[in-house]
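First to last, the sequence lines map onto chains C and G. The opening residue of the first sequence carries number 1 in our numbering; numbering runs sequentially from there. The opening residue of the second sequence carries number 1001 in our numbering; numbering runs sequentially from there.
Please note: incorrect hints may appear among the correct ones.
As the list claims (entries may be wrong) - Below, in silico cross-link-like pairs of lysine-lysine (DSSO-like), each with a Cα-Cα straight-line distance of 27 Å or less: (1) G:Lys1145 x G:Lys1127; (2) C:Lys2 x G:Lys1127; (3) G:Lys1145 x G:Lys1061; (4) C:Lys51 x G:Lys1127; (5) G:Lys1061 x G:Lys1127; (6) G:Lys1061 x C:Lys2; (7) C:Lys51 x C:Lys2.
What the hints assert, rightly or not - Partial pick of chain C residues on the chain G-facing surface, computed with a CB cut under 10 Å: (8) Lys2; (9) Thr4; (10) Thr24; (11) Ala38; (12) Gly40; (13) Ala56; (14) Val61; (15) Val66; (16) Ala67; (17) Pro70; (18) Ala72; (19) Phe77; (20) Gly82.
Honestly, the hints are just simulated from the structure, not real lab data. The beta-carbon is built from N, C-alpha and C at its ideal position, and this holds for glycine as well.
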Amino acid sequence: MKITVRYFASVREQLNQSHELVETSAIDLNGLREELVARGEPYAQALGLGKAIRMALNQQVSDGEVALLPDAEVAFFPPVTGG
Amino acid sequence: MGFTVHIQTEDFDLSHEVAMLRAGQPAVGAVCSFVGTVRDRNEGDAVSSLELEHYPGMTEKAIQGMMTQAAERFDVLGARVIHRVGLMQPLDQIVLVVVTSAHRGQSFQACEFLMDYLKTQAPFWKKEATPSGYRWVDARVSDDKALARWGIELSNASGNQ
């Protein structure tokens, strides 16, 4: 399935892009993250396990076990620092 | 004026926003507001400017959801949140939360609740300019603890995922 992946803040800078269309067979957000990390650098550095990365599915903060759906909008970003 | 959220690059005027929230609302007996501003120091370093990034769409939804929760928990009549994005300098205003209620206790509490929530769960990111270059501001565990006081255990700064 095709999904849109968006990146913010330090993750966006490390990947040098704010969004991309991704063809994925991952069943959930963790699976998608693993697929991206498996691409190698700069993904491995930006999204690797052990990095404090927050995820959103269709603009809702989600944990890694949430199932992916076709045309989903997924986002990866660091902990937030507004206010 | 209900419960509204605005994300904008422009500055805001506290008096104007309070007037908008109070207009035609004679049940209001208390107005509580918080304004966050850009400091010239952070983590011991001078800060010359601050750039705020956000996730358009998600930010508004997240804050609207926080206001819905505030309205369920507290006896409030209205709320207004304004958060600026883009480039700012020390002394600039960044964020405004205004809450109205019949009596002061509920608006005091709801205002603090909304700020604690927004700090750790609204998708904004700060990047600051210091003498040694640009750096992304780190999230604080103390902000997670502030939200936990309200019985909401959500990690932002705490824990890797």
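Hint check: 10 Å Cβ-Cβ cutoff, C:Ala72 to chain G: Cβ of C:Ala72 sits 13 Å from chain G, so the hint is violated.
Tell me if C:Phe77 is really an interface residue toward chain G, meaning its C-beta lies closer than 10 Å to one of theirs. 7 Å, holds
Would the hint on C:Pro70 stand, with a C-beta cut-off of 10 Å toward chain G? 19 Å, violated
Less than 10 Å between beta-carbons is the criterion; does C:Thr4 satisfy it with respect to chain G? 12 Å, violated
Does C:Lys51 pair with G:Lys1127 here, judged by a C-alpha cut-off of 27 Å? Holds - the C-alpha atoms of G:Lys1127 and C:Lys51 are around 19 Å apart, at most 27 Å.
Restraint: C:Val61 near chain G, CB-CB cut 10 Å. Satisfied or not? 7 Å, holds
Restraint check, 10 Å cut-off on beta carbons, for C:Thr24 near chain G: Cβ of C:Thr24 sits 19 Å from chain G, so the hint is violated.
27 Å limit on alpha-carbon distance, applied to hinted pair C:Lys2 and G:Lys1127: 32 Å, violated
With chain G as the partner, please determine if C:Gly40 meets the hint condition of a C-beta pair closer than 10 Å. Hint on C:Gly40: violated, closest Cβ of chain G at ~21 Å, above 10 Å.
Hey, G:Lys1061 versus G:Lys1127, does the alpha-carbon distance stay inside 27 Å? 23 Å, holds
Does the nearest C-beta of chain G fall within a distance shorter than 10 Å of the C-beta of C:Ala67? Status violated, d = 17 Å.
Does C:Val66 meet its interface restraint, that is, does its C-beta lie within less than 10 Å of any C-beta in chain G? Violated, about 13 Å.
In summary, the structure is inconsistent with hints 2, 8, 9, 10, 11, 12, 15, 16, 17 and 18 from the numbered list given earlier, while agreeing with the others.
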